[in-house]
Amino acid sequence: MTNGALLRVEGLTKRFGQRLAVDGISFSLSRGELVGLLGPNGAGKTTTISMIAGLIRPTAGRILLLGRLLEEDRTTLRRVGLMPEVASFYPYLNARQNLEVMARVYGADPGQIDSLLEIVGLAEHARRPFRTYSQGMRQMLSLANALLGDPELLLLDEPTNGLDPLGQQRVHQLLRDLVARGKTVLLCSHLLRDVQELCQRVLIIHRGKLIEDSPIEHLLRPGELRVFVRTVADDRALVLLSGPARPEWISGVDRYDDHLEVRLPPEHLPQLSAFLVQHGLYLCELRPLEGDLVTAFVERTSDMR
Amino acid sequence: MRGLLKAEVLKAIRRPMTWIALGILLAIMATLRILLIAISFVPLPATDQQSTPTNVLVDLVTLPGAAADALNFVPSIGIFALLVVAASLGGTEFAWGTIVPLLARGASRSQLVLAKAVVVLGLIALYLLPTATLGLLLGTVASQLHDGSVPLDWIRERWLDFLLGLMRSFWVTMPYVLAALALAISFRSSALAMGTVLAYVIVEQVGLSVFQLLRPMLASSTWSWIASILDWTLLGANANELTGLTTRAFLSGAASLGELSASQGHPWRATLVLAIYATIFLALALAAIRRDVGTRPTSS
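Chains as they are written, first to last, in my numbering: chain A, 83 to 387; chain B, 166 to 465.
No lab work stands behind these hints, which were simulated from the structure alone. Wrong hints could be hidden among the right ones.
To be verified - Using C-beta positions, here's what the derived DEER-type ranges look like:
(1) Arg113(A) with Ser275(B): 31 to 37 Å
(2) Gly106(A) with Pro295(B): 55 to 61 Å
(3) Arg144(A) with Leu294(B): 48 to 54 Å
To be verified - Here chain B is said to cover these stretches of chain A; the calculated rule only asks that three of the stretch's residues, wherever they fall, bring their Cβ under 8 Å from a Cβ of chain B:
(4) 137 to 146
(5) 152 to 162
(6) 185 to 193
(7) 345 to 357
These numbers come from a predicted model, not from an experiment. Every residue, glycine too, gets a C-beta built ideally from N, C-alpha and C.
Take the sequences, apply the hints, and build the full model.
Dropping the structure here:
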């Protein structure tokens, strides 16, 4: 854990009656980090975010925001922008009026509302009542609200939920810009491609416990490459690659209907083709498979299924 | 606190419900008063030697008697509209999920409740002034129709009573609207809070009417202490005590309506009891807001 962490969570626990929703989670976020928070439904992600945002009181554990204990100094929450899973505003007010109300509550400058509406693409709809907004527009207003007062930490729960591709792209670019400006983002999303594309680090919560806190490259297992192999005789290739004569750098082979999948360190990829050709197994196809977050996520959380 | 108060005022002012409820109240008041004015011209059979029902009605619709009804309209009929608005002010924050962005930046929960309470009390004043004005206006019309002139002497003589009447109406309505707000925050539902307080008000009013009929029997029995306890503790009994003072100040024939026969004359006790109720409801709201807040709206 870094000492200069913007957010530090230690042994965070939340119990709702008999149910343990969050079980002793610890992690920290440094300035300028964009970290993904993943987990299956009901894993405890939203509860964790709610505790950090001061909406839910932890049963045990500590939250340090900007080096100060949240339970002792709640004023630090003024520097945390929350975008909840469901965008919630007053239906009879328009976008501008809704942000005006929130700016007064947050002690933020209402003068920045117009530029925020511009940033999230709602400037031309600013005078329409919130109740007439589409889901995507509601999400964008919620994002603008999270950005009110230029907070240092952003807690975003499913920010691209219900957005069209253009909206998603706009959010991605906005997040990159924010991180480039030194803002810290905790991104909770089921869209693993978003997380893979945007985040530097991933936290995985499963059954209330933090089971993974790794840089994204590590999670995608660059130390072990999966290679798609199709030869003139796959059955013979399987015997060769999994038998006693196989090279020691091959860590595993799986047989599929029309191909084999070989696992090996990336630097041995050229040797694999040479080895197969040497044994008369001419190649029809050989290509490395990209590591993806979906596979990594499913592998780590599949026991619940 | 100032930011929260400004936000609450903004929301209340821009909310259509605030003005629709006031409009409905004014329409009800105008309709009832015009009906009463019309009936006051119909000669009815007398049952009392001193004042016939028609005379009582004339007193009720003309000035200064009309001032009593104008002032007591909000604590009697107007309270229903105010309960709906107050419960909605607290409950919809949870139904719409707006409590999440409101509290997400560490806003003080107790200050939020206090800001809401101030706005709700402000709404009582907002509803009191136009209804009282309309009541006086219709009283002026009725006086002109009945007497051919508008009495103005009473303004000089009873301006203090009028001011006190306004304050009493405010004081009487206060615990009810705070109860609606507190229950809306406790239940996290406007509908449940409205239903509970409206049901209480209706049951209490019916119960008090029945109780007034039984009072003479109780007074002469060993159960007379029940009457004392009810007078002391019931919200409605203490509220009636104060509104009765206003009625008596402006309506000379009030007693003949049977409205105030039970009044024992303990205005300070009633004022204190209502203040205690208001404090209890405010404390309940302050305690209820401290609970955890989920990020999903309760209506979804």
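Consistency of the hints with the structure:
1. Hint check: Arg113(A) to Ser275(B), Cβ distance near 33 Å, so the stated range 31 to 37 Å holds.
2. The hint said 55 to 61 Å for the Cβ distance between Gly106(A) and Pro295(B), and at roughly 59 Å that hint holds.
3. The given range of 48 to 54 Å is respected by Arg144(A) and Leu294(B), whose C-beta atoms sit roughly 52 Å from each other.
4. Given a C-beta distance limit of less than 8 Å, the hint that chain B covers the region 137 to 146 of chain A holds, as 3 residues qualify and 3 suffice.
5. Given as covered by chain B, the region 152 to 162 of chain A passes the check, having 6 residues with a CB less than 8 Å from a CB of that chain where 3 are the minimum.
6. With 4 residues having a beta carbon nearer than 8 Å to a beta carbon of chain B, the region 185 to 193 of chain A meets the requirement of three or more and the stated coverage holds.
7. Judged by the Cβ-Cβ criterion of 8 Å, the region 345 to 357 of chain A is not covered by chain B as claimed, because only 0 of its residues qualify and three are needed.
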